[in-house]
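Chains as they are written, first to last, in numbering that gives the first Met the number 0: chain A, 0 to 336; chain B, 0 to 336; chain C, 0 to 409; chain D, 0 to 409.
Because the hints were derived from the structure by calculation, they are not lab data. The beta-carbon is built from N, C-alpha and C at its ideal position, and this holds for glycine as well. Keep in mind that a hint or two might mislead.
[Said to hold, decoys possible] In silico lysine-lysine, DSSO-like type, Cα no more than 27 Å apart, as pairs:
{"no.": "1", "chain 1": "D", "residue 1": "Lys172", "chain 2": "B", "residue 2": "Lys46"}
{"no.": "2", "chain 1": "C", "residue 1": "Lys319", "chain 2": "C", "residue 2": "Lys172"}
{"no.": "3", "chain 1": "C", "residue 1": "Lys62", "chain 2": "C", "residue 2": "Lys44"}
{"no.": "4", "chain 1": "A", "residue 1": "Lys296", "chain 2": "B", "residue 2": "Lys331"}
{"no.": "5", "chain 1": "D", "residue 1": "Lys367", "chain 2": "D", "residue 2": "Lys172"}
{"no.": "6", "chain 1": "A", "residue 1": "Lys210", "chain 2": "C", "residue 2": "Lys394"}
{"no.": "7", "chain 1": "C", "residue 1": "Lys172", "chain 2": "C", "residue 2": "Lys369"}
{"no.": "8", "chain 1": "C", "residue 1": "Lys200", "chain 2": "C", "residue 2": "Lys394"}
{"no.": "9", "chain 1": "B", "residue 1": "Lys46", "chain 2": "C", "residue 2": "Lys319"}
{"no.": "10", "chain 1": "C", "residue 1": "Lys319", "chain 2": "C", "residue 2": "Lys78"}
{"no.": "11", "chain 1": "D", "residue 1": "Lys319", "chain 2": "A", "residue 2": "Lys46"}
{"no.": "12", "chain 1": "C", "residue 1": "Lys44", "chain 2": "D", "residue 2": "Lys62"}
{"no.": "13", "chain 1": "D", "residue 1": "Lys286", "chain 2": "D", "residue 2": "Lys62"}
{"no.": "14", "chain 1": "B", "residue 1": "Lys296", "chain 2": "A", "residue 2": "Lys331"}
{"no.": "15", "chain 1": "B", "residue 1": "Lys2", "chain 2": "C", "residue 2": "Lys319"}
{"no.": "16", "chain 1": "C", "residue 1": "Lys367", "chain 2": "B", "residue 2": "Lys45"}
[Claimed, not checked] Have a look at the derived ranges for each label pair, beta carbon to beta carbon:
{"no.": "17", "chain 1": "B", "residue 1": "Lys210", "chain 2": "D", "residue 2": "Leu407", "range": "47 to 55 Å"}
{"no.": "18", "chain 1": "C", "residue 1": "Gly18", "chain 2": "B", "residue 2": "Arg19", "range": "54 to 62 Å"}
{"no.": "19", "chain 1": "C", "residue 1": "Thr361", "chain 2": "B", "residue 2": "Pro184", "range": "52 to 60 Å"}
{"no.": "20", "chain 1": "A", "residue 1": "Ala186", "chain 2": "D", "residue 2": "Gln405", "range": "21 to 29 Å"}
{"no.": "21", "chain 1": "B", "residue 1": "Asn38", "chain 2": "D", "residue 2": "Asn7", "range": "50 to 58 Å"}
{"no.": "22", "chain 1": "C", "residue 1": "Gly18", "chain 2": "A", "residue 2": "Gln50", "range": "41 to 49 Å"}
{"no.": "23", "chain 1": "D", "residue 1": "Gln406", "chain 2": "B", "residue 2": "Glu298", "range": "55 to 63 Å"}
{"no.": "24", "chain 1": "C", "residue 1": "Ile345", "chain 2": "D", "residue 2": "Asn7", "range": "29 to 37 Å"}
{"no.": "25", "chain 1": "B", "residue 1": "Asn38", "chain 2": "C", "residue 2": "Ala48", "range": "38 to 46 Å"}
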Amino acid sequence: MTKMNMVQAINSAQDVMLERDSSVVVFGEDVGYFGGVFNCTEGLQKKYGIQRVFDTPIAEGGIIALAIGMGVNEMRPVTEIQFSDYIYPAFDQIVSEASRLRYRSGGEYWAPITIRTPCGGGIRGGQTHSQSPEGIFTHVSGVKTAMPSNPYDAKGLLISAIEDDDPTIFFEPKRLYNGPFFGDPKAQSQSWDSHVKGDVPEGHYTVPIGKAETVRAGSDLTIVTYGTMVHVSLAAAELSGHDVEVIDLRTLTPLDIDHIASSVCRTGRCVIVHEATKTGGFGAEILSQIQETCFWKLESPIVRVAGWDIPYPHAFEWEYFPGQGRVLDAIKKVMEG
Amino acid sequence: MTKMNMVQAINSAQDVMLERDSSVVVFGEDVGYFGGVFNCTEGLQKKYGIQRVFDTPIAEGGIIALAIGMGVNEMRPVTEIQFSDYIYPAFDQIVSEASRLRYRSGGEYWAPITIRTPCGGGIRGGQTHSQSPEGIFTHVSGVKTAMPSNPYDAKGLLISAIEDDDPTIFFEPKRLYNGPFFGDPKAQSQSWDSHVKGDVPEGHYTVPIGKAETVRAGSDLTIVTYGTMVHVSLAAAELSGHDVEVIDLRTLTPLDIDHIASSVCRTGRCVIVHEATKTGGFGAEILSQIQETCFWKLESPIVRVAGWDIPYPHAFEWEYFPGQGRVLDAIKKVMEG
Amino acid sequence: MVPSSGKNLNVPTPRHRPGEEPEFDDLDIPNAGAAPRPDILTDPKEMFAYANTMIRVLDMKNKAVGEWNPCLSPDDLRKGLTDMMITRIYDDRMQNMQRVGKMSFYMKSRGEEAVAVAQAMALDKKDMLFPSYRQQGLLISRGRDLLDMMNHCLSNSGDNCKGRQLPIMYTWKEGNFFSISGNLGTQFCQAVGWAVASVYKGEDAIASTWVGEGTTAESDFHHGMTFAAVYNAPVLLNVVNNQWAISSFQGFAGGERATFASRGIGYGMPGLRVDGNDFLAVYAATKWAAERARCGGGPTMIEHFTYRAGGHSTSDDPAKYRPEDEPEVWPLGDPIERLKNHLIEIGEWSDERHEQTAKDITALVTKKYKEAESYGTLNSGARPEVSSMFEDVFKEMPDNLRRQRQQLGV
Amino acid sequence: MVPSSGKNLNVPTPRHRPGEEPEFDDLDIPNAGAAPRPDILTDPKEMFAYANTMIRVLDMKNKAVGEWNPCLSPDDLRKGLTDMMITRIYDDRMQNMQRVGKMSFYMKSRGEEAVAVAQAMALDKKDMLFPSYRQQGLLISRGRDLLDMMNHCLSNSGDNCKGRQLPIMYTWKEGNFFSISGNLGTQFCQAVGWAVASVYKGEDAIASTWVGEGTTAESDFHHGMTFAAVYNAPVLLNVVNNQWAISSFQGFAGGERATFASRGIGYGMPGLRVDGNDFLAVYAATKWAAERARCGGGPTMIEHFTYRAGGHSTSDDPAKYRPEDEPEVWPLGDPIERLKNHLIEIGEWSDERHEQTAKDITALVTKKYKEAESYGTLNSGARPEVSSMFEDVFKEMPDNLRRQRQQLGV
Ligand SMILES: Cc1ncc(C[n+]2csc(CCOP(=O)(O)OP(=O)(O)O)c2C)c(N)n1
Ligand SMILES: Cc1ncc(C[n+]2csc(CCOP(=O)(O)OP(=O)(O)O)c2C)c(N)n1
Ligand SMILES: [Mg+2]
Ligand SMILES: [Mg+2]
């Protein structure tokens, strides 16, 4: 066990896999010599050589196409899309190709690719360095989506994603890279050192894809959330005066609905929290499945807390960001409702 | 009033707008001399000249970029994406550009573009000529989405979209081009001639964006649906033995939640039907908003009827397609539940 | 805001439309044998001329001439001819079967058979193919059983794609033939990735990929060119310029201003422009590029100058947008006729043998088709298991799909 | 599956890395004045050479020489010089303000000022600009008030973008300056659309757009080139080859194999390669291309060969990936120094005047910045109205946004 922040954990996952499996290669814009704009691949080119960790042209569509072709030829590419706001040029390759290849070829071909991409706001990145586009991909059949909330899960999930024979988009909430974030930009920033999930094994281990985790037990109300909002929700839970259970999804699709449902059916109350814009976000799917499964146990309407239906505005980052206050309001509403 | 099928109605909307407004131009792959692979622009080049109705290179991303640039320069481009399965290469231009331009420029620039695109299955088109990707765009702030279910609405809505100063994606359920379709591929195919919504004024009129329509009144249960599924739902309603209300959304975003909620709060029961894959589809958003608004009036869980979470399989088109049987099952379940 | 009369937008217009007399008199067609054959590792900068000339081997007298003559054995020539004939007869049969409702859709490669067949022969079996939907000749040359191809087109119980794809969107892993995508061009840069992996693995196999000239406008074309250039990937990047993209002529992809082969120049790779209806020229250019790639010389772009003699697909009626007799006046002739005449010219073939071969192929295709129907057609007979439609979305079926399958009751 | 030792994947490597001695001795730099100036309507096919040479006007002795010499008046030259100086001093000031926390981010254009300033001067005010984030010189040359630029960068109550965009992502409709996108390259084909509309409307204005050399790999570059070629749009397609794209050198965009200017060839448009640090050369090439476009000659691609002398942005430390003194040894010098020396050489400027001008500009920038702060900074003082964050998503606010705004209580 070592203390790692999320950048180090993500770096370590790639390191472990490069070491274990010569079919693993790592590439993307600025990931080679430079080690990535967030340092997530720092040192890997030096350690494994320019053949295995390398820079690419600035063409997200080409990066994913290259990865698919390599995947078809028995390799296991790990790609980085520098910001998830820039994943859109690769949309066709992800949706029409990576996600459909196994199906359309009757199982003859597939591409076991991993797409790492930093997401989320809170770093003053403006509307094109803050987006959370996961809800666009959770609607796509054939691709898995994950978003860890801490170093331990990040490493274990990323190793699972790389080892998985299906394509996976691995969203990294960049606001958590250096420490947990509870939603208050003015508060003293924290490091992962003092966090239990900052303890990360140096070697190989996995966190399974498709399994949620209850990160706080409670009996009054269930918060279902993922990524940065896990910490915001935990902080709000603490302040709420209620016995709130918090579930960290970790994997979005396939969704661990059984885990969620068993909690909500028990508490009878639910708040769903994500940073992405509300309309059509993944929260709608979570809400729908809970409604379908737990309807008769629900004691009040499920409430979604999410980003507003607007681009992430640079000057109003904290008015956009669904912080503790908005989560607390929702808890109150659901408890009273 | 003339009898028009949906192709003619769509053609007529463009004709009317080309006639009225010299800033309107129509372009896309094969839309010029040929008149489009579904004939939706037939005769328009001949009538308005090669400068106003023309073919493009095969590059959906380029088509939308061209349209945005023209839109910024005071024109009102109407583009066709040949199949909505091929809209993905234009994803970045639609999401990052058309939808964000007015916002990011503080209102100084905008692009009043319309994107027409045939969607949906039931024509033996296989997985890349059958998709219903609207649920991907309904999550995007800054773009409007519409899907008519009949010639009258198609023409009126398309004129509204063209006249609208915001970008609009106009999904055309291609299975309805020639007649209403009730979900049974073996049944005698019908034409729009005998349908009341096949009566279409020849001149200018609008159907407002953002307004749903109740196409069947009922008191037992509300079906919320759009596109091809309106007809399938109506047929199922007829057979169900219950007094079912059917709402045709027509516009997806902005969603006419007030109209929907007032119905569901009255009936207390709801089924949501769409052809797109279920997980993360627009049905989840509709369900969520109804749950949020009508929770205390709901007498049983809302049920979603949708395509399975798989690509649209060529040989199993009708097993994939959410036909009357699946809608009836849902009605039964909701009535009993 | 009325358009001015003075300046007009340039909207490309093809040379003739229905009702007009088609002619190609001013097409600049270099003589067969005129182009020299450079060393396989020639610097791309010295090869600009190849992008603007046309590599041609078969001359007007049906002789093979010049440096590019690949000097194929009569047996190889006969195999090439026969495979092109199979491709055409197969295509015709399948199109007919679509017309009578046995399948949903079909696309022929009439007039372009030399591209796929000659290239398949010039490549090694281990080389990986990333085609578009109009290179069925690759399968035929590599010996795929027609029965399997038909089963796929019929989406029947024998379809290796399990009924999931449109007809002609073949997959054949055993033959190193990639899964055809319905989305134009997506395979172009994937082929580069495959080739890069081949180098990484220290293997000798190269990749070859194809797009139509219309598809060059898609981003994938640009990505394939860029990534192939940057990593010097061993890959053949083929553009089949058959003059048409559904109803749009090649001017809508930029073909009026420059040859497609000249696109290679800006990426620093050789661009060869080849008479695509000349089996020997296609073969020779492919050999050159393949050898170059295998020797570490990196990618080559090849423009095959040919003509789509049929409709775009069974959904299309070309008489709506081009003169019906345009195919007949196409000045580069028909690839099958030209190779046949060459074989006759060198005394290795005859009209009788040709007739007989055609008959034999027709009989074989008929027999195979009958057999295929016994596995079902789209609308009758056996199909893949319905439950299989939930498989292969992922390697292992997740719970939501298992539940949906149960809901469907299969 | 261990990589073989024999064949290695080609992964481009820059000429030097930190710790190595930078040198550019073998860079092929043609003499100033060497390139002839063709007629503005020359057939692109006759212009291949321009893509591989370099248009240069200012020679080693600070003289303007050759056919491309635009013969600008001393006043114009001084305006160019002054605007480049303003750009640089403004940049430095803003970068400093970012360093002390007054704004979130900044990007300088150091070393590349000639590109934007000379091009703005060579174009008409009515021409529409679709820049990347590194052409702030366009705004300065067109006379935008520095106060407005600063207000934008501070996201304060005076920001015309209402606090929605990162610093440097300017919008200025009045100055025909498009809204900068954070997504690389997206403006390239939009500019073509604008230009096409201009023709359609019968207007005389043309469009000009810019991307960095790294961005040429994006699909938008290809779309811009293709659509401009097909519709013969009156547009200037500029590639600013400043050698670096964050940490990746231009080899990762294909620059090791061919010049970026030569990309034009395959699309049938002229590709001009220009010494981007030579104000006069940039001006002259732009004038040529603009005149061509206005006369119906269609698009021109221009590669500006220059050097990004600073870091990529305030988030970047170039010392991590290139020798710290690489900028100093860049053989094409500094654009401001070169134009200054030319003006001195022709007796129209002096070191003293230069000093004084620099001082005046610094004072102006300081004054403007002080004024700007009175409108607020990112972290203190006035901001745009919070409620405005819900505006302009659509022209009219839909109900869902109205409700969300109410929920936020603004
Ligand atoms: C991304 C995408 N856009 C549009 C289409 C529809 N489409 C199918 S084939 C075709 C024409 C392609 O022409 P070309 O590339 O010249 O190939 P050819 O058919 O001539 O072999 C079009 C537009 C598609 N399949 N995919
Ligand atoms: C679509 C997209 N991908 C990635 C990025 C991240 N990014 C911002 S600037 C940059 C480098 C661009 O280099 P170049 O085009 O050479 O322009 P320069 O910065 O040198 O002016 C990258 C990769 C982005 N903004 N947009
Ligand atoms: Mg073609
Ligand atoms: Mg650069």
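Practice task
Starting from the hint 47 to 55 Å, judge whether the C-beta atoms of Lys210/B and Leu407/D obey it.
Solution key: At roughly 26 Å between Cβ atoms, Leu407/D and Lys210/B fall outside 47 to 55 Å, so the hint is violated.
Handout entry: Gly18/C paired with Gln50/A, Cβ distance criterion 41 to 49 Å
Key = At roughly 60 Å between Cβ atoms, Gln50/A and Gly18/C fall outside 41 to 49 Å, so the hint is violated.
Handout entry: Proposed proximity, Lys319/C with Lys46/B (alpha carbon, max 27 Å)
Key = 17 Å, holds
Problem - Given hint Lys172/C paired with Lys319/C - CA-CA distance at most 27 Å - result: 38 Å, violated
Handout entry: 27 Å limit on alpha-carbon distance, applied to hinted pair Lys367/C and Lys45/B
Key = 47 Å, violated
Handout entry: Hint consistency between Lys286/D and Lys62/D [alpha-carbon to alpha-carbon, up to 27 Å]
Key = 20 Å, holds
Problem - Proposed proximity, Lys46/A with Lys319/D (alpha carbon, max 27 Å) - result: OK: Lys319/D and Lys46/A at ~17 Å, within 27 Å.
Problem - Given pair status - Lys172/D, Lys367/D, alpha carbons within 27 Å - result: Given that 27 Å is the threshold and the Cα spacing comes to 21 Å, the pair holds.
Exercise for the section: Compare the distance between the alpha carbons of Lys296/B and Lys331/A with 27 Å, and conclude whether the hinted pair is satisfied. Expected result: 21 Å, holds
Exercise for the section: Take a quick look at whether Lys2/B and Lys319/C sit within 27 Å of each other, Cα to Cα. Expected result: Measuring from Cα to Cα gives roughly 26 Å; hence the hint holds.
Practice task
State, for the Cβ atoms of Ile345/C and Asn7/D, whether the hinted interval 29 to 37 Å holds or is violated.
Solution key: 44 Å, violated
Practice task
Compare the distance between the alpha carbons of Lys319/C and Lys78/C with 27 Å, and conclude whether the hinted pair is satisfied.
Solution key: Violated - the C-alpha atoms of Lys78/C and Lys319/C are around 37 Å apart, more than 27 Å.
The earlier numbered hints that this structure contradicts are 1, 2, 3, 10, 12, 16, 17, 18, 19, 22, 23 and 24.
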